[in-house]
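Position chain B with the ligands against the provided structure of chain A, taking the given hints into account.
From first to last, the protein sequence lines are chains A and B.
Numbering of the first sequence is given in my numbering, commencing with residue 0 and proceeding in unit increments.
Numbering of the second sequence is given in my numbering, commencing with residue 37 and proceeding in unit increments.
In case anyone wonders, no lab produced these hints; they're calculated from the structure.
It is possible that some hints are incorrect.
Unchecked claim - Cut-off 30 Å, straight-line C-alpha distance, at most; resulting in silico cross-link-like pairs (DSSO-like, lysine-lysine):
#: 1; chain 1: A; residue 1: Lys-91; chain 2: B; residue 2: Lys-266
#: 2; chain 1: A; residue 1: Lys-214; chain 2: A; residue 2: Lys-137
#: 3; chain 1: A; residue 1: Lys-121; chain 2: A; residue 2: Lys-84
#: 4; chain 1: B; residue 1: Lys-152; chain 2: A; residue 2: Lys-84
Note that the structure is predicted; figures quoted are calculated from it, not measured.
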Amino acid sequence: MSDQAQSHHDAVDDVMIELRGMHKWYDKFHVLKDIDLVVHKGERIVVCGPSGSGKSTMIRCINRLEEHQRGQIFVDGVELTGDLKHVEQIRKEVGMVFQHFNLFPHLTVLDNLTLAPIWVRKLPRKEAEAAAMALLEKVKIPEQAKKYPGQLSGGQQQRVAIARSLCMNPKIMLFDEPTSALDPEMIKEVLDTMVELAETGMTMICVTHEMGFAKTVANRVIFMDEGEIIEENEPHEFFNNPKQDRTKLFLSQILGH
Amino acid sequence: MSTFERGPDLPPPVTQVGVIGWLRRNLFSSWLYSFLTLLALYLVWIVVPPVINWALLDASWSGTAREDCTSDGACWVFVSVRFNQFMYGFYPEAQQWRVNIIYGTLFLLMTPLFLKAFPWKTALGGFIIFVYPFIAYGLLDGAWFGLEVVETTRWGGLSLTLILAGVGCVAALPLGIILALGRRATDMPAAKSLCVIFIEFWRGVPLITVLFMSSVMLPLFLPEGVQFDKLMRALIGITLFQSAYMAEVIRGGLQAIPKGQYEAADALGLGYWKKTGLIVLPQAMKIVIPGIVNTFIALIKDTTLVLIIGLFELLGMIQNALNDPNWLGYATEGYAFTALTFWIICFSLSRYSMRIERKLHTGH
Ligand SMILES: Nc1ncnc2c1ncn2[C@@H]1O[C@H](COP(=O)(O)OP(=O)(O)O)[C@@H](O)[C@H]1O
Ligand SMILES: [Mg+2]
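The following block holds chain A by itself, in its conformation from the complex (with noise of 0.2 Å):
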C-alpha cells in the first residue's frame, strides 16, 4: 500500500474489511496464501488477475461463502468465524453480486428484492416494496417490478440483481466479475450502474477486468496472481507504472500491447 493512502486512512475506526494473514485451502490445493488486505470506509477496490487465481475465492470468504482456514477476517469490526450469529450479522451488512445474476426465476423482479428486506430485516411488507421501488428507479428499469428475471435482458438481470442487494442497505459492496456474462451492448448500462453507486460513497470490492471502471472508480488496484496478491496500488501508477513482471505480463495480456 502506498504511503499516501496508509496516511490518509490512519483513523482505526473506519476500518471496513481486513484480510490478516489469510489462507485457504480446497482439499489440499493451497488456493489462497498469506492474504493480508485492509480496506477502509467508502474505498472503492478492483481485483483482477489471469483466471483461477483465486479472485473470486478472496472475495466469497468475505461474506463466508467459502471458509478460511488460516489467519483472521474482520468485518465491520466482527471477526468472521464459525460462530453463525457473526456471519449472518455479516451477511445482513455485505451485498454480493455474482457473474451469472442468480436472480430467483420463481419471483417476480420486485419479489425478488423484497424478499431479503422482509424476512431477514423483518421490514413491513409496505415499507419494503416502497425502498424497492426506489431502487429500481435507480437503476432505471421501474416499469420490470412485476415481470419475471427470465423475461428480462442480461443487463437488466445484473442491474436487477445490484438492486436486490442494495436493498438490504448493505455497507460493502462485493462484485464477482459482474460483466462478464454480460453481451458487449450490456456492459455499459450495468457500470454505468456501478459508478452511480461508487459516487454514492459505497465501500466496494469489485473482480473486474473492465479497465476503464478501474481507471475511474478503482482507489486501489489489487493484482493476484496464484492465490497471493502481487501488487497493489493506486489505478494511475497500477497501469502505468507496474513494478512485478507478472502484472506486466498480465496488463499486456489484457490491454492487448
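Just chain B with the ligands, lined up with the frame of chain A:
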C-alpha cells in the same frame, strides 16, 4: 455500390401443407410407414368393434337380478345392483350421508384453491391438510360427534380407496421433503445416514410385505390387549412406504437447483430454513410435480393391496361381490368396472398435472 435486395417470402410446397401433406408426412412417408399405418388400422378394426358391441351395444343395463341379463353382451346390472357397496363398502346405508358430506365438503373446500384470485390459498390448503382429516375421521367414525359409531372395518369401497390414497399422499409429502433435505445434509452425517437408511429400507420392501407386517407382526410387539386400528396401521405403513418414494422424487428436484441460488440466498443473509422454504423448495417442487403425481398414481393403484389384510376398498368389494352365489360368473364386468374407475381417476390426475406444469411453465 449495390444495395442488398431482400428475396420475397415463398409459400411452402403443396406436399407440405393441408390434409394430404399431413397424411404423407406422418402416416405414409415411406413403404414401411405405410405398411405400419395399415397394420395399425387393421388391428383397430379387429379389436374395437367387438369391445363396443360387448360393452355398449349388446349390454344389459337395467334390472335387479341376473335373470335380467339376457343378451350376449356385458351384464352391467351386476354393477348397478352392487353400486352402493362398491362406493361405500359395508358402511350402513342410513349413515352414508356422512360419507357424502365428507367428500362433498372436501370438494367445495378445494374449489377456491383453483381460482386464481382467491387470496387465502395457503390458509385454506393448511386447513384441508392439517385440520380437515380429523374432522373427516370424527364424522366417519361418529364417536366424537355422538353419532352412531361405524368402525373402520365397515368402511370400504371407492370411498376407502380415496382415503387410503389421499391420506397416504398428503402425509407422505412433508415426510418426504424432510427425508430428502436430510439426505442432502452433508454437514450433519448422523441425520443424513438416518435418512438414507430409512429411505433405502422402505424402498427395498414390497408394499405387500409392509401391509402384512403392519397387520400380523406389529400386534406381536404391542402389549397384550392393546388394540390398534387396522386401517390406521395400514395408513401408517402406506405413508412410510410412500414417503421414501416421495423423498427420492423431491431429492431429484433439489439437485436440479443451481448452486448460485443457494449462494444468492446465503449472501442475502437468509438462514437455512428461510433459504430452503422460500428459494429452494418452491423451485424444486415445481420441477417434481410430474414425479409426485406419478408416485401418487402408483399409490392409488397400490391401495388395492390392502385386500390381503382384510380391508375392502373398491377392488375388495368387487371381489367380495363376485363370491356371491347369485352373481357367479360376472368377473369380467366387475374387473372392467374397477379398471375403468381407476383409469378415470388416474387419467384425470395425469391431465391435471400436465395443466399445472403448463401453467407454471408460462408463469415465467
Ligand atoms: N469449490 C472448489 N473446489 C475446489 N477447487 C476450487 C473450487 N472453487 C475454485 N477452485 C479452484 O480454486 C482456484 C481459484 O478459483 P477462483 O477463486 O474461482 O479463481 P478466479 O475467480 O480468480 O478465476 C482455481 O484453480 C479453481 O479451480
Ligand atoms: Mg472468478
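Here is how each hint holds up against the structure:
1. A:Lys-91 x B:Lys-266: The given pair, whose Cα atoms are some 53 Å apart, is violated under the 30 Å limit.
2. A:Lys-214 x A:Lys-137: Judged against 30 Å, a Cα distance of about 23 Å means the pair holds.
3. A:Lys-121 x A:Lys-84: The given pair, whose Cα atoms are some 17 Å apart, holds under the 30 Å limit.
4. B:Lys-152 x A:Lys-84: 40 Å, violated
Violated hints for the displayed structure, listed by number in ascending order: 1, 4.
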